[in-house]
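A.B. asks: Given the structure of chain Y, go ahead and fit chain U onto it with the hints provided.
Which chain is which? The protein sequence lines are Y and U, in order.
According to the numbering used here, the stretch in the first sequence is residues 1 to 240, in order.
According to the numbering used here, the stretch in the second sequence is residues 1 to 342, in order.
Just so you know, not all the hints are guaranteed correct.
[Claimed, not checked] According to the in silico footprint, chain U covers these stretches of chain Y (three or more CB under 8 Å from chain U): (1) 50–62; (2) 192–206; (3) 209–216.
[Unchecked claim] So these bits of chain U aren't anywhere near chain Y, every CB distance computed over 12 Å: (4) S57; (5) S121; (6) S152; (7) P153; (8) V281; (9) S314.
Worth flagging that the hints you see were computed from the coordinates, not collected in a lab.
Nothing here was measured: the structure is a model prediction, and the numbers come from that model.
Even for Gly, the Cβ is constructed at its ideal location relative to N, Cα and C.
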Amino acid sequence: MTCDLKKLLISVVYLSAVLCVRGQAQPVSQDIRNFKLPPGVYPMSDEVMDPPRDMDDVIRAADIIVDGTVITTFPSINLSPREPGQVETDSLIGIRQVIRGQVPQAQIVLVESGGTQGQWQFFTRGNPLVKPSERYILFLYADRRKEVPNGAGILPDQTVARRYVLSARFNGKARVNEDGSVRFIPVAMPKLHEFDAPTVAAFLDRLNQRIAKLFPPAPPWTPPVGKFPSILGAAPQPDK
Amino acid sequence: MGKMLALASSAAAQTVNVMNVSHPLTALEPGDMIGNMITGAAPSSPITANVNGTMYSVGSTDGSGNAMINSYVPSVTSATSYTEYWYVNGVLLTPVNPDPTIFLYAPALPTITEYPLNTVSNPPVPSVYSFTCGQTAESDQITGDATAWVISPVVYYSTTSQVSESVVETQAGYWSGLGGGPDLSYGSSNIGILIQDGSTNRNANGEAFAYGGQCSPCLGYTNNCNGQCTSATWTLGVMINLNSTEISVTASGNGASDADIATLTVAHELGHALRLTHSNVGTGGCSWAESLMFPSATVLWECGVTTPTSLDSSALSGVYPSSSLTSCEPAENYCTYESCGI
Numbered sequence: 001m002t003c004d005l006k007k008l009l010i011s012v013v014y015l016s017a018v019l020c021v022r023g024q025a026q027p028v029s030q031d032i033r034n035f036k037l038p039p040g041v042y043p044m045s046d047e048v049m050d051p052p053r054d055m056d057d058v059i060r061a062a063d064i065i066v067d068g069t070v071i072t073t074f075p076s077i078n079l080s081p082r083e084p085g086q087v088e089t090d091s092l093i094g095i096r097q098v099i100r101g102q103v104p105q106a107q108i109v110l111v112e113s114g115g116t117q118g119q120w121q122f123f124t125r126g127n128p129l130v131k132p133s134e135r136y137i138l139f140l141y142a143d144r145r146k147e148v149p150n151g152a153g154i155l156p157d158q159t160v161a162r163r164y165v166l167s168a169r170f171n172g173k174a175r176v177n178e179d180g181s182v183r184f185i186p187v188a189m190p191k192l193h194e195f196d197a198p199t200v201a202a203f204l205d206r207l208n209q210r211i212a213k214l215f216p217p218a219p220p221w222t223p224p225v226g227k228f229p230s231i232l233g234a235a236p237q238p239d240k
Numbered sequence: 001m002g003k004m005l006a007l008a009s010s011a012a013a014q015t016v017n018v019m020n021v022s023h024p025l026t027a028l029e030p031g032d033m034i035g036n037m038i039t040g041a042a043p044s045s046p047i048t049a050n051v052n053g054t055m056y057s058v059g060s061t062d063g064s065g066n067a068m069i070n071s072y073v074p075s076v077t078s079a080t081s082y083t084e085y086w087y088v089n090g091v092l093l094t095p096v097n098p099d100p101t102i103f104l105y106a107p108a109l110p111t112i113t114e115y116p117l118n119t120v121s122n123p124p125v126p127s128v129y130s131f132t133c134g135q136t137a138e139s140d141q142i143t144g145d146a147t148a149w150v151i152s153p154v155v156y157y158s159t160t161s162q163v164s165e166s167v168v169e170t171q172a173g174y175w176s177g178l179g180g181g182p183d184l185s186y187g188s189s190n191i192g193i194l195i196q197d198g199s200t201n202r203n204a205n206g207e208a209f210a211y212g213g214q215c216s217p218c219l220g221y222t223n224n225c226n227g228q229c230t231s232a233t234w235t236l237g238v239m240i241n242l243n244s245t246e247i248s249v250t251a252s253g254n255g256a257s258d259a260d261i262a263t264l265t266v267a268h269e270l271g272h273a274l275r276l277t278h279s280n281v282g283t284g285g286c287s288w289a290e291s292l293m294f295p296s297a298t299v300l301w302e303c304g305v306t307t308p309t310s311l312d313s314s315a316l317s318g319v320y321p322s323s324s325l326t327s328c329e330p331a332e333n334y335c336t337y338e339s340c341g342i
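Excised from the complex, chain Y in its bound form (with noise of 0.2 Å):
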């Protein structure tokens, strides 16, 4: 196919479902359907909806915490079929040890925003894409949507490794640097970056004691001393 033939098929494509979308005919000029992004390098934003506040936020939204190392890196997808507006890179992980939740494979699949697609690049600044044999702390939820690109077949199958993502996007990210030290990543908020350690058993024996905090063992139920305040914090009533 000539380019100038794929350009008049996509732009074909596109009106169509302009059209469609839109449930009657427009007129729709020229500038709609050359709408798009220009070839290049995209910084996509660094803002997060709903961003953690704190170490808490991170470990609450987080089905698992791994120790992991990359295996391997596949090609980007493209998730937007008219233009390149997301791209995300999926990775092999292979599991070190867990360090909460429970992960029934030796491995895993980390999905990230951002690659490369065509002539269209986009990353997140002060957070790369991790790299084979890089090792990392992961926060991380199940990738829930019903639809997971296929990659045309290169991924591996969610019964081989399921697929996960960064929980609170990549403020759940901490690397081992090759002399053991653990650091979340540079554009991870300022609160994370007070858990840095010089060692991965400095960094873990800290998250362990949020995650103590946060999830204490239920205590043995025993006969109440006082009634229940209406104002939290206020003083209880005697119980008589």
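C.D. replies: Then chain U, alone, in the frame of chain Y:
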């Protein structure tokens, strides 16, 4: 209450949840009513709660094994946490919480936190993002700032199926009505902002992709307005994607319609299109939601912030100081991809 009942109904028997009754799914602040709802427990049986290690009696369940216990958040000067475990007949109840990947600021058992009211102004700030295109260098070497529009009005067009044309026009009208920034004008020629259905990052109802003049050396108002040339600092186009799936999830959790949340999303993303960034999330409570650019659709909705505020207006004036905008016709130098051979 309906939304929390729905949450509980899908859980196992003998459950308890906690909610901010005053502003559901937002952080607890002084004056808010807290509701603890028990379902599926033993009928007409004593309820007890262990709060920070002390056991309290809390009345009893009704004949169906359900109960609602209300309390209030007192005035607090710092974040105060309570760890609660609830029992009926001495049997531990299972906590059921809103999905924290979607409703992060909603109080959740076993540890709930009460936050002091915000006392500082919390405006959005101008965007500092860069949108230089055509580079192949490492990402951290990208430079340039497409931080503002130069020509007013900015033409916008909508192809989204999620809200009507008139709804989009109403929301754009709120922003235009603030003054200070460029006027927004609906049209299908020389479009600066396109609102469409599309994909977004996870958990984002909408997303705005902007690009500057340098991204398109041939397209647009090239060398035609008062001698100015397009540049990386000049916002030339913004694409707003609305994610119907995410919008529906947010709407469902908040007891709102999809159209309600889609409308709110359009309004918020138009703020990004005018080059404003988010305000500070603070504690995730209503007292922090002083701007339409607050980074949570749930908090905006539950706290009743659905149109631009005075803080948005001030921020816009900061992005567009007087005389920074020009008005001219693109005329003959306006070109397209085809005429550029792209």
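A.B. asks: Each hint should be assessed against the structure and marked as holding or not.
C.D. replies: Comparing the hints with the structure gives:
1. 50–62: holds (count 7)
2. 192–206: violated (count 0)
3. 209–216: Satisfied; 4 residues make the cut.
4. S57: Non-interface label on S57 (chain U) violated, nearest chain Y Cβ at 4 Å vs cutoff 12 Å.
5. S121: 19 Å, holds
6. S152: S152 (chain U) clear of chain Y: closest Cβ-Cβ about 18 Å, beyond 12 Å.
7. P153: Consistent with the label, P153 (chain U) stays out of reach of chain Y, its closest Cβ about 15 Å off (over 12 Å).
8. V281: Nearest chain Y Cβ is 5 Å from V281 (chain U), so the label is violated.
9. S314: 19 Å, holds
The structure shown violates the earlier hints numbered 2, 4 and 8.
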